[in-house]
Amino acid sequence: MLNLFRSLRDAGILGMNERNARFIMLHNKRRNYPLVDDKLITKRRAQEAGIHVPALYGVVEIEHQIRDVPRMLGTIEDFVVKPAHGSGGNGIMVVTDRQGDNFRLANGMLVGMEEVGHHISNILSGMHSLGGQPDCAMIEQRVQFDPMFEEVSYRGVPDIRTVVFKGVPVMAMVRLPTRMSNGKANLHQGALGVGLDMGTGLTTTAVWKERFVDEHPDTGNPIAGLQIPEWDKLLELAARCYHLADLGYLGVDVVLDRDQGPMVLELNARPGLSIQLANRRSLLKRLEQVEALKDIPEDPKQRVAITRDLFAKNNPPTPQTVIV
Amino acid sequence: MNKLHLRLLAVLLLIIGGGATWYKMAVLGLPVTPDSTTQIWTVEARVAFQADGGPSQVNLHIPHNPPGFNVLGEDFVSSQYGLARDRDGDNRVAMWTARRASGNQTLYYRIQLSEDANDTVDRTSPAPPYPEVPDYPEPFGSAALSVLEDVRAESADISSFTRRLLLRYNSSDPGENVQVLRSGIDGSTGHVNNLIDILAGARIPARAVQVLTLRDRMRRAELDTFLEVHNGTEWIPFNPVTAERGYPRSVLVWKRGAERLLSISGGSSGNLEFAAARTVRDVVSVAEQRAMQRGTSMLMDFSLFSLPVQAQNTYRLLLLVPIGALMMVLLRNVVGIATFGTFMPILIALAFRETQLAWGIFLFTSVVAIGLAIRFYLENLKLLLVPRLAAVLIVVVLVMAVLSIISHKLGLERGLSIALFPMVILAMTIERMSLVWEEHGAGQAIQQGVGSLIVAILAYLVMFQPQVGHLVFVFPELLLVVLAVVLLLGRYTGYRLTELWRFRHLIMDRKN
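These protein sequence lines are chains A and B, in that order. Residue 1 is where the first sequence starts when you use the numbering used here, and the numbers rise one by one after that. Residue 1001 is where the second sequence starts when you use the numbering used here, and the numbers rise one by one after that.
Everything labelled a hint here was simulated from the structure, so no lab data went into it. Keep in mind that a hint or two might mislead.
Calculated lysine-lysine pairs in the DSBU-like style (CA-CA distance at most 35 angstroms, straight line) [stated by the list, open to error]: (1) A/K209 / B/K1382; (2) A/K294 / B/K1003; (3) A/K285 / A/K166; (4) A/K294 / A/K166; (5) A/K209 / A/K285; (6) A/K285 / B/K1003; (7) B/K1003 / A/K29; (8) A/K301 / A/K233.
Here the structure is a predicted model, which means the values were calculated and not measured.
Build the full structure now, drawing on both the sequences and the hints.
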């Protein structure tokens, strides 16, 4: 048992307790949490800072407004409904198409306005928000995801999670929805986590349900060696998000739109630890490397340069042998 | 800095909590285990006399700091008499007075004592003066001097001197000198007084002590006389016949000095009798009573035992909650088990106390399962959150009622205790479980449900150990120690046990 502890320590794996005590509590001021927990605020601030985000079609704040939703949507065919205070990708409804009065959901089901209204009502009553607080529902642009993921993704929207420490992107992974995760990009629900080389944006290793894999569990296509398009732009975007909420330890979720390029979907003040499994790399060592830096430049471009300098070389793009 | 602050605080709490606990254990004698009992003696002195009809006063010497015993309480039964208590040197006197009394009078004095082997120190006045060598009549004088001469040669100090003297004085084959010394003396008091006289010849201070040898259910007992000699620092008791040093366990010192215990004015044919009885009682209440008697211990004044019994029983339960909280911290932050709600398992564990474990698990599982089924049905009705929660709550109450009725009809009285389940918590659990079920799948929901149940069972097993309950109730300051541990765990940054499993592939990857 103690041996196991020691090997985890030697591997530099960041545990939940250490993440909370040493990084989140020390670097994330509590009063800044609402800036990321409320996605409306995040979106507004991002728009002000000129950071790309999915367009907001409308906000439903009270039950009464639900009847206005069809008018709000106008001629828009596809959209996403999500809670402003959601967590872990819960409570998100993706509408891909409209057929007359009905809506086609991402999983192919056809539902009526009543169903959508009930979903919004659930959001308003706080069913999906942190701590069950009353919430409001956002209706926003559905991202047309980049075709590069088509081969290795099952429905849903793949996103790229980057952990940004003191404004320096330290580690990143792509989260690919699978059949098991039901189109959700959440690792706990069975999405596939794929590590990324910080220097090149090439995919490296992958983890699925805490197991190391080489191929996508649904499509069987190999995962390693895919190039994330506009990687430099993406890193810079992640680095710039640091100024949005002033959180030292931040998770930035970016989606790649076919036409509009990388967009920030949401920020997370408590990014999880599975990114280490996806990359098979220690997060702790990288965080400590950034911690050791004397000063961190204001300019996001220079911080991305630090990322390349520190983490590109110790992250070889070739995948490791898989141990079962 | 922050870490140092925390450690200092934790150490401070540990010292206060541990110190108070130690004090109560070692000094006040509160027991560490729940079932310790001690023997309590109830000793009664009964004074009977014939009053003359005029004013009468009865003086009775009563025990004062008897060595080897703790006084738990005393009372005086004396209907129309006024009572005063007074110190008389190393003794105490009870004075009963009445303006007018006639006929048979009976007065009682009752004292309750607990044996205390540690407390044998004789708290009497400082060293007496050395006695003058008396003017012995002859042939007593020369016999005494010759015996003292012999004894001095055989002994090293006052204690051994006295012992040698007593052995010689009581020898079955007394020499001529001892026969002279013993001649014409009657009764144990007489012999003790004689011995004091002889010891004065060696200038050793000595005194008679009147003691009561306690036997269970004895009646009409009388006092014995012991001998005490002073060695310059303390009085050393001796049995004047066997020459054994010290008071045996059940010997109660009643009065120091040979004078009579009882004096009566305004009455005649006074009679004094002793009776004693032994009972077994809880050490806790004895320690408690003794501390009150001493009146020195703030700690005991503010102990939970001073509360009414009803409130005491509430606190017996409440004080276990911190233990449960400590369990939660350990199981969540050190082991890493996922549960529904932070403290839900503790409340379930508290409910298990009434239902007993097996029944508790059965009832909990059935209520949650039925509630979940109904919650899934309600999902189809598309209700708003609060009405839906209310509906689940109502269903939970109904399910509990039905389970109670069914188990009662089946003659299973245990099933009735389900009423003690925290139903709001159950309703919330069902709601959260159904959400997890929907969003993360049945596997996750059942895993977390089972996790909660396991944590509740573990918390129950620890919280309702009789030893744990006893410790926190008798030594509530131990909760400061628990607080210190929780504070320290608050800065625990090591891995959780479940993380060993979660990251196991990374470890194996490195090893290869």
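35 angstroms Cα cutoff - pair A/K294, B/K1003:
holds (23 angstroms)
Pairwise hint evaluation, B/K1003 against A/K285, where the allowed Cα distance is 35 angstroms at most:
holds (22 angstroms)
Decide if the proposed pair is consistent with the structure: A/K294 and A/K166, CA atoms, cutoff 35 angstroms inclusive.
The given pair, whose Cα atoms are some 12 angstroms apart, holds under the 35 angstroms limit.
Tell me if the straight-line CA distance from A/K209 to A/K285 falls inside 35 angstroms.
holds (24 angstroms)
Next pair to validate is A/K209 with B/K1382; report whether the Cα-Cα distance is within 35 angstroms.
The hint holds at about 32 angstroms.
Within 35 angstroms, alpha carbon to alpha carbon, are B/K1003 and A/K29?
Between B/K1003 and A/K29 the Cα gap is close to 19 angstroms, so the pair holds against 35 angstroms.
Restraint check for A/K285 with A/K166, where alpha carbons must lie at most 35 angstroms apart
With Cα atoms ~15 angstroms apart, A/K285 and A/K166 stay inside 35 angstroms; holds.
Are the Cα positions of A/K301 and A/K233 separated by 35 angstroms at most?
With a Cα-Cα distance of about 10 angstroms, the restraint between A/K301 and A/K233 holds, given a limit of 35 angstroms.
Taken one by one, the earlier hints all hold for this structure without exception.
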